[in-house]
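Peer 1: Here is how the chains run, residue by residue.
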Amino acid sequence: MRRRTFIAGFAAAAAPGLLRAAHENGAAEKPVRFGLTPVFLDDHVAFLRVWRQYLESKLSRPVLFIQRGSYREISDMLRQDKLDFAWVCGYPFMRLRRQLRLLAVPLYQGKPLYQSYVIVPSFNTDARSILDLRGQVFAYSDPDSNSGFLYANYRLIELNENPASFFSKAFFTWAHRNVVDAVAAGVARGGSVDGYVWETLQRDSPELTARTRVVEKSPEFGFPPLVARATVAKAEFEAVQQALLAMAGNGEGRALLKQLNLDGFAEGTERLFDGIERMMKVVDRASDAAPA
Amino acid sequence: MLRLRDLSLRYKIPLRASLLVVVTAVAVTVSLMFREYDELKRDLVAASTSMGRLLARTLVTPLRHDDVWRAYEVINTPFHASARDAAPQTADMVTVLDARQQVYVSTQPKQYPMLVDAARANPDFHALQQAIASSREFESTAVEMPKSDKLYVVTPVVADGVVLGTLVMGYSKSAFVPRFYAIAKRAAMVTLVVIAVLLPASWYWGHRFARPLVELAQGMGQVGTRIPPENAVRMDESRDELGQVAAAYKTMLKGLREKESLKREIIVSERLAAVGRLTAGIAHEINNPLGGMLNAINTFKRHGRDDPLTGKTLSLLERGLLQIKNTVAALLVEARVEDHALTRDDIEDTRTLVLGNAHARSVRFEWENDIVEPLDVPSTLARQIMINLMLNAVQAAGASGNAAAHVYRDSRYMHIAVKNGGAHIEPEKMEYLFEPFSSERADGHGLGLWVTYQIVRQLGGDVAVSSEPGRTLFHVTLPLESQPA
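Each protein sequence line maps, in turn, to chains A and B.
Per my numbering: the first sequence = residues 3 to 294.
Per my numbering: the second sequence = residues -1 to 483.
A hint or two may mislead.
Okay, derived cross-link-like pairs now, BS3-like style, lysine-lysine, Cα gap no bigger than 27 angstroms in a straight line [said to hold, decoys possible]:
| id | chain 1 | residue 1 | chain 2 | residue 2 |
| --- | --- | --- | --- | --- |
| 1 | A | LYS236 | A | LYS32 |
| 2 | A | LYS171 | B | LYS248 |
| 3 | A | LYS219 | B | LYS108 |
Keep in mind the hints are simulated off the structure, nothing from the lab.
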């Protein structure tokens, strides 16, 4: 429901801006198409509009935010040239690294790094690790999410467990925030969630996170990066990259970053995501060996 | 119960009216509340079955795709704050069961964890199996749990004729208890207001209704010891039963009063008759020796010795005996046969006789004589009556008072009305008025009225006296065809 209302709201918010931009800059001007995934808190429609207007003013071009319910759809759109840029997760970036170029990496608490959390409902006071959730119902965020899926699977394999049968049932909520919701309500008795999202929710909605408890934190991984389609023109790539990197340098940009609970954007290197690539290989091997 | 029955109507009627008011108000309120309760329940079933059909259709895709989160979001919709405010009755629990009757997802995940057999999570689901098995495609069935306060609405989720699962919505009937209480409270308030308005009205009405009955009862209670005064019972002039009772009561009082005065009159006249017989007997007994004694003195005076002392003694005896004779003669009123009818001049003579007396006392004496033709009434006796009454009136009027006499006739009676404006006669003296020697006056021998009474009775007439301050009236009626008794 939330997703659907969001899309409707987004379309309503985006359409006038788009028309105005087209009118101001000439119909020939192609908008910058920016894909967004639920890696971050994607339900702040008002925030997205302000951010879009900020980028439009910096780029002097219309910007189009395109939001989809799953990572897979955004990945597909990137490959089909339906998007120029996207904010994705390190996991799909590693899968599609040949078709994508690293645009920028957000800085969270000063570093381009984040963690994956394993959370349980707060009424579960016993669980100490993911191993204590055997036979329970578990919530993942997205099959293409590192923190919301890949890491938990990797961790189980590392612990010599079969991710396919360790839980009595596992389901996807298609957003990190929903994982927190599902665990807080007790629908799932455990969940794998982006640590940055959980911390930001604790800042914004402490009553929600208070109904959950973090039992495990992963090592640090490269923060979900902003990527460009490999075929994007160099000038365009650099313009967008500059607009992002410069955000921490002006008040308006800092205000937006503060809402995102980020410190800024850095160029970053692909090496940041080596850990994710390693886990990906381990998990792929395991699932090849034991087809579900 | 006895005490209540003995209670005065003054309280009993208002109490009964109040009881009626209260019972009516409570009965109306209770029946309204029961209707409201039924309506609440019907509303609940209607709203929840339509909600069930809607949710079940929406759940088809999530169930087909095994999308737990989407299914959860669908069933959680009614629980969002905004939806909750709009619908006063919200399900306590919405649970989706899979085809094997296991919990697929629930809004109460703690009570209904996923994959758990529904009947284990809640024994009520045993009873729901029947409804689940028999329910048709997307048709909601409301199942009431007889022993608990739960109401379940069961809707199958069907795709292409295949049952994917079942949507179960649980409602607590106690959910509308607060609303029911709110209605009850409002109804109670209205009832109280109605009672507050009706109670004083019914109390007043009851009191008003009871008052004449109470006064009547008190009046009736007094009858026997004394006759209650006319105005003791205030009753409206009406033709209803109370009015009839009041009229009968008044008639009865009037009869009693007449009987009472008749009784008193009889007693008085019987006493007077007895006194008359006694005095007549004594007078006759005295008269015989008296005549002998007077004869003896006469004889002695004519033939006895002329002794001055004896002559003086005899003269003293004779005077005393003559006084006794006069007194006895006065007591012994006897109607002598008269051949002489009463003429206008006879009546005028009496006036002349009395006027001198009146002048001496400066009493204004009014005179009216309507008699023209001679009346067939013994003239000496009639005149004696008139003189007695008129002298009495002049006497009673007091110095510079006034007195009046009116003599007239009708077809059957001669009327003599004599009145004076002096001090009136006390009611307690009235009974003894005509008895001999009853007068407390210093002068006179107290036989005037006695004699008058005796004459009137012997002539077959009647004397009526009425006396009030400033006006005392003696009214004598004498029959014109009178035969001396």
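Peer 1: Each of the hints needs a verdict: does it hold here or not?
Peer 2: Hints, one by one, checked against the model:
Proximity of LYS236(A) to LYS32(A) is assessed by CA-CA distance (about 16 angstroms); at most 27 angstroms being required, the pair is judged to hold. Between LYS171(A) and LYS248(B), the direct Cα distance comes to roughly 101 angstroms. Violation of the 27 angstroms bound is thereby established for this hinted pair. A threshold of 27 angstroms between alpha carbons decides the hint, and for LYS219(A) with LYS108(B) the separation of about 25 angstroms falls inside it, so the pair holds.
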